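Taken in order, these protein sequences are the chains called A and B. So the first sequence is numbered by our numbering: it starts at 1 and just counts up by one. So the second sequence is numbered by our numbering: it starts at 1 and just counts up by one.
Because the hints were derived from the structure by calculation, they are not lab data. Quick caveat, the model's predicted, so the values are computed rather than measured. Keep in mind that a hint or two might mislead.
Said to hold, decoys possible - From the structure, some residues in chain B lie toward chain A, with a derived Cβ separation under 7 Å: (1) R42; (2) I390; (3) L391; (4) M398; (5) I405; (6) D408; (7) A417; (8) L420.
What the hints assert, rightly or not - Covered stretches of chain A, going by a simulated chain B footprint (3 or more residues, C-beta under 8 Å): (9) 27–36; (10) 40–51; (11) 354–368.
A virtual CB, placed ideally from N, CA and C, is assigned to each residue, including glycine.
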Amino acid sequence: MTPSSDSLLRDPASIASNGVVWLFIIVVVLSIIVVVHHVVTERQRHLKRLRFESAALTLAPHLVALSSNLDREISATRLRCGERAVALVLRKSRYDLKGELADRASTILDEIGEISRVLHEARSRRDWRRLGAVRALGECGGARARKALIHAAAHDRSDDVRGAAREGLLYDGTDDAVRVAVESFVKAPPQRDGARHSFYIRLAAASEQQMTALMRSGLLAVGEQKLALEAMGDVGRRSTLTLAKDHLLGPDAEMRATAIRVIGKGGGEGEIRMTIRALDDDEWYVRAAAARALECLLNLRPAASATLRQTALERLQRRLSDPAWWVRANSARALAHAGEEGRVLLRSGMESGDAFARDASFAALGMVGELPVIAPKENPEEDLTIGGQTLRPGGLQA
Amino acid sequence: MSLSTFVTTLQSAVLAYFMIVNTIYLVFTVIAFLDLLSYDRRVRRRQISDLISNVTFRPISVIVPAYNEQQTIVSNVNSMLGLAYPEFEVIVVNDGSIDETMKRLLASFSLFPVPNANRQILKTKAVRSVYRSIDHPNLMIIDKENGGKSDALNAGINVSSYPLFCSIDADSLLDSDALLRIAKPFVDDDRVVAAGGIVRVINGAEIEGDRVVGSGAPKKLIHYCQAIEYVRGFLTGRTALARMNSLLIISGAFGLFLKQAIIDIGGYSNQTVCEDMELVVRLQRFSKERRRPWRVIFLPDPVCWTQVPSDYRSLMRQRDRWQRGLIESIFLHFRMFMNPQYGAVGMFGMPFYLFFEALGPVVELIGYLALPVLWYLGVLDTSAAVMFFILAVLYNLMLSLLALIIEDLLFQRYERASDLLRMMFAACFEFLGYRQILTVRRAAALVTVVFRRGQWGHITREKFEEGTAA
Numbered sequence: 001m002t003p004s005s006d007s008l009l010r011d012p013a014s015i016a017s018n019g020v021v022w023l024f025i026i027v028v029v030l031s032i033i034v035v036v037h038h039v040v041t042e043r044q045r046h047l048k049r050l051r052f053e054s055a056a057l058t059l060a061p062h063l064v065a066l067s068s069n070l071d072r073e074i075s076a077t078r079l080r081c082g083e084r085a086v087a088l089v090l091r092k093s094r095y096d097l098k099g100e101l102a103d104r105a106s107t108i109l110d111e112i113g114e115i116s117r118v119l120h121e122a123r124s125r126r127d128w129r130r131l132g133a134v135r136a137l138g139e140c141g142g143a144r145a146r147k148a149l150i151h152a153a154a155h156d157r158s159d160d161v162r163g164a165a166r167e168g169l170l171y172d173g174t175d176d177a178v179r180v181a182v183e184s185f186v187k188a189p190p191q192r193d194g195a196r197h198s199f200y201i202r203l204a205a206a207s208e209q210q211m212t213a214l215m216r217s218g219l220l221a222v223g224e225q226k227l228a229l230e231a232m233g234d235v236g237r238r239s240t241l242t243l244a245k246d247h248l249l250g251p252d253a254e255m256r257a258t259a260i261r262v263i264g265k266g267g268g269e270g271e272i273r274m275t276i277r278a279l280d281d282d283e284w285y286v287r288a289a290a291a292r293a294l295e296c297l298l299n300l301r302p303a304a305s306a307t308l309r310q311t312a313l314e315r316l317q318r319r320l321s322d323p324a325w326w327v328r329a330n331s332a333r334a335l336a337h338a339g340e341e342g343r344v345l346l347r348s349g350m351e352s353g354d355a356f357a358r359d360a361s362f363a364a365l366g367m368v369g370e371l372p373v374i375a376p377k378e379n380p381e382e383d384l385t386i387g388g389q390t391l392r393p394g395g396l397q398a
Numbered sequence: 001m002s003l004s005t006f007v008t009t010l011q012s013a014v015l016a017y018f019m020i021v022n023t024i025y026l027v028f029t030v031i032a033f034l035d036l037l038s039y040d041r042r043v044r045r046r047q048i049s050d051l052i053s054n055v056t057f058r059p060i061s062v063i064v065p066a067y068n069e070q071q072t073i074v075s076n077v078n079s080m081l082g083l084a085y086p087e088f089e090v091i092v093v094n095d096g097s098i099d100e101t102m103k104r105l106l107a108s109f110s111l112f113p114v115p116n117a118n119r120q121i122l123k124t125k126a127v128r129s130v131y132r133s134i135d136h137p138n139l140m141i142i143d144k145e146n147g148g149k150s151d152a153l154n155a156g157i158n159v160s161s162y163p164l165f166c167s168i169d170a171d172s173l174l175d176s177d178a179l180l181r182i183a184k185p186f187v188d189d190d191r192v193v194a195a196g197g198i199v200r201v202i203n204g205a206e207i208e209g210d211r212v213v214g215s216g217a218p219k220k221l222i223h224y225c226q227a228i229e230y231v232r233g234f235l236t237g238r239t240a241l242a243r244m245n246s247l248l249i250i251s252g253a254f255g256l257f258l259k260q261a262i263i264d265i266g267g268y269s270n271q272t273v274c275e276d277m278e279l280v281v282r283l284q285r286f287s288k289e290r291r292r293p294w295r296v297i298f299l300p301d302p303v304c305w306t307q308v309p310s311d312y313r314s315l316m317r318q319r320d321r322w323q324r325g326l327i328e329s330i331f332l333h334f335r336m337f338m339n340p341q342y343g344a345v346g347m348f349g350m351p352f353y354l355f356f357e358a359l360g361p362v363v364e365l366i367g368y369l370a371l372p373v374l375w376y377l378g379v380l381d382t383s384a385a386v387m388f389f390i391l392a393v394l395y396n397l398m399l400s401l402l403a404l405i406i407e408d409l410l411f412q413r414y415e416r417a418s419d420l421l422r423m424m425f426a427a428c429f430e431f432l433g434y435r436q437i438l439t440v441r442r443a444a445a446l447v448t449v450v451f452r453r454g455q456w457g458h459i460t461r462e463k464f465e466e467g468t469a470a
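Here chain A stands alone, though its shape is the one from the complex (with noise of 0.2 Å):
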């Protein structure tokens, strides 16, 4: 900012008053730039949010109601919105259509021209793009969307295009789509651990038979089959329980695990007894994950035989003593959220001469609000006593 003597620059004054010159017309440039490109983007963006505000709150009461005057209202809304507003529309909206309908809505997408101008940016040289609109083809659906996914799944070179194509096929879930789906994946499947377990989520939902086939199949590695199980129990099938029982007892760990989350989420009474079982473990994660499953199996089925359910108590309170915080934490949970005799079982844990077992009760009572909410203490240096227990800086005492 300062000038330099006249030995280095020749002429300092009149390069920099150059150089200001210039920069302030660049500066200028840019101003104008900035200002003109908010203005018109910002118009534009508004526009765009009113036409398909507009076309939604009309074509939606419509497309809930099934009804008879869909078809001119989607004419209508055309021209006063646009198509590409009824295009965004039916495409968001054609995820939570079904049957007559969901095709009915491709039609339109097909002849108002949608698909034809995605199909062309399905062609494009640039991923991102092709992304894009893969994207929109499995929310467009129909033949020639179908056609398309097809295609993008089994040959495009992109990963990330051809998981999009695969998840458009998944929703489609004709048969042809889903084995070419399955086909794509087991080819090249994703290197992330999450896009793998979403897309054993989507195929568990859209075909279980498949699923199956493709856990049975000797395809997968261990790894892999503990990620598929775990995206089967998510989506509840009850072929899950079947498949979850033949890994209860082997010999990976975190395979038993798996199964034991599994059980817990979609088992019944029958599978209260294995899970008993299970908190028994050599492994602490096997077992916390029999407490967290017993919480789940004890609430969804309250119809269990009492002596079951008592049974199930006892060796969860048993539990509380385990060297495993996670265990003794999930057992807790799992007596607090049992009702009253799983709290009877908590109540008699805070007074045990374990001072794990004191711990974990205290928690999960205060977690269901059994402990009254205090105050803290003026003088720190001042014991607390709540329900006959001591509270000191550091944990419980006797």
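Based on these hints, arrange chain B on the given structure of chain A.
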């Protein structure tokens, strides 16, 4: 060598420095623009539900260290509890506040004490009490003895249950999808151990129900000078440095970390007044020394809204602390400087931060101080000096406008044209006094570091008001 030759040579060096640093900033702007354009197309345009399936998330512990934050703590905690994320916990660490921070927490969240049965993985000052909430099972409050922000964060890490933790300032609010966006890279890439989001100025934003619902340019000049600084700093500087694997700072106001990695390096340290920068430098150092393929990244779309100082005194203290922290962090890890063992961080990142961020204010101050000396010696070309000053102002204005173009093109946070015009005005004014005041303070920070260690100082907080923030 005569005095005039010496001063003139010094001025030439200052001029050369000016040209180098501004060229680097221009290059940063270009790199950032291309990187953000690519990011926008690949990631930002996609619906958030597409980005992360809800069964693939990794649960997060949100840690909020609080010291004398009575004005904002309840709003902040409510904001955290309302975040859209499948599984997370909020841990507020009351670091021995002497105001009503703890009382307001107790009054607002139905707390009950629980035994403190947590492992002391990282050493901290004593924890007095631990509380949970009946109304919010995922809320935990730690009441501990005062030990500083780094100590509070370490205490939060000790009690956290999840593999990722997010450090948030108690005077900040997050966008509801901020956690989802910042957590995504941890799903995509196992090497990511730290991610920083963008920090925006909340002063001037519309707040409703502890959530920012509309952004607007601030009303006070001091606020929008800072706002334009933040836009420029985050959208160009941090983006470019992250792209070049040379990022040495993740803002303490909003960062997501892999807990195990932070534990491996010993947690936050109180050796500097800017624990956030020192942590990241140490992460980078550890990753190279132990040959771990760790990545530290920056993301432009998860947004944290933070209060900036409203008076010059608080602003000076803040910038003084940042500068001291920067210098302390660099010298604490000076071994990385120009050391090929540390890759791009050592060969570019450290020299950049040292020569241009740490020593930049000193060089600039020398430039200003040399002017009267040159004039006295009779070698000052006054018109050239004025021209160069205008050149500098225009150049920096150009950089700010480029940052605003990026902001408007890709993020469109400022919806009203009047807000954008205010930001542009701030960019003009920034270099006509505001920057010079900060330069003096930042240069003085070097003296402080060399001769004595200062502390945090006091920054005046304002309460979040519904409607437009002050």
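**Asked** If you take the shortest Cβ to Cβ gap from L391/B to chain A, is it below 7 Å?
**Response** holds, 5 Å
**Message:** A closest beta-carbon separation below 7 Å is what the hint needs, so does D408/B meet it against chain A?
**Reply:** Because about 5 Å separates D408/B from the closest Cβ in chain A, which is inside the 7 Å limit, the hint holds.
**Prompt:** With a cut-off of 7 Å, does the beta carbon of A417/B approach a beta carbon of chain A closely enough for the hint to hold?
**Reply:** holds, 6 Å
**Item:** Coverage claim, chain B over the segment 40–51 of chain A, checked by counting residues with Cβ within 8 Å (three needed)
**Value:** holds (count 3)
**Message:** Is the coverage entry for the segment 27–36 of chain A by chain B consistent with the three-residue Cβ rule at 8 Å?
**Reply:** holds (count 6)
**Prompt:** Under the criterion of a CB-CB separation shorter than 7 Å, is R42/B in contact with chain A as hinted?
**Reply:** OK, holds: R42/B within 7 Å of chain A, min 5 Å.
**Item:** Proposed interface contact between I390/B and chain A, which counts if any beta carbon pair is under 7 Å
**Value:** holds, 5 Å
**8 Å C-beta test of the segment 354–368 of chain A against chain B, three or more residues** = holds (count 5)
**Asked** If you take the shortest Cβ to Cβ gap from I405/B to chain A, is it below 7 Å?
**Response** Interface hint status for I405/B: holds (5 Å vs cutoff 7 Å).
**Item:** Proposed interface contact between M398/B and chain A, which counts if any beta carbon pair is under 7 Å
**Value:** Holds, about 5 Å.
**Asked** Can the hint on L420/B be confirmed by a CB-to-CB distance to chain A that is less than 7 Å?
**Response** Holds, about 5 Å.
The structure meets every hint from the earlier list without exception.
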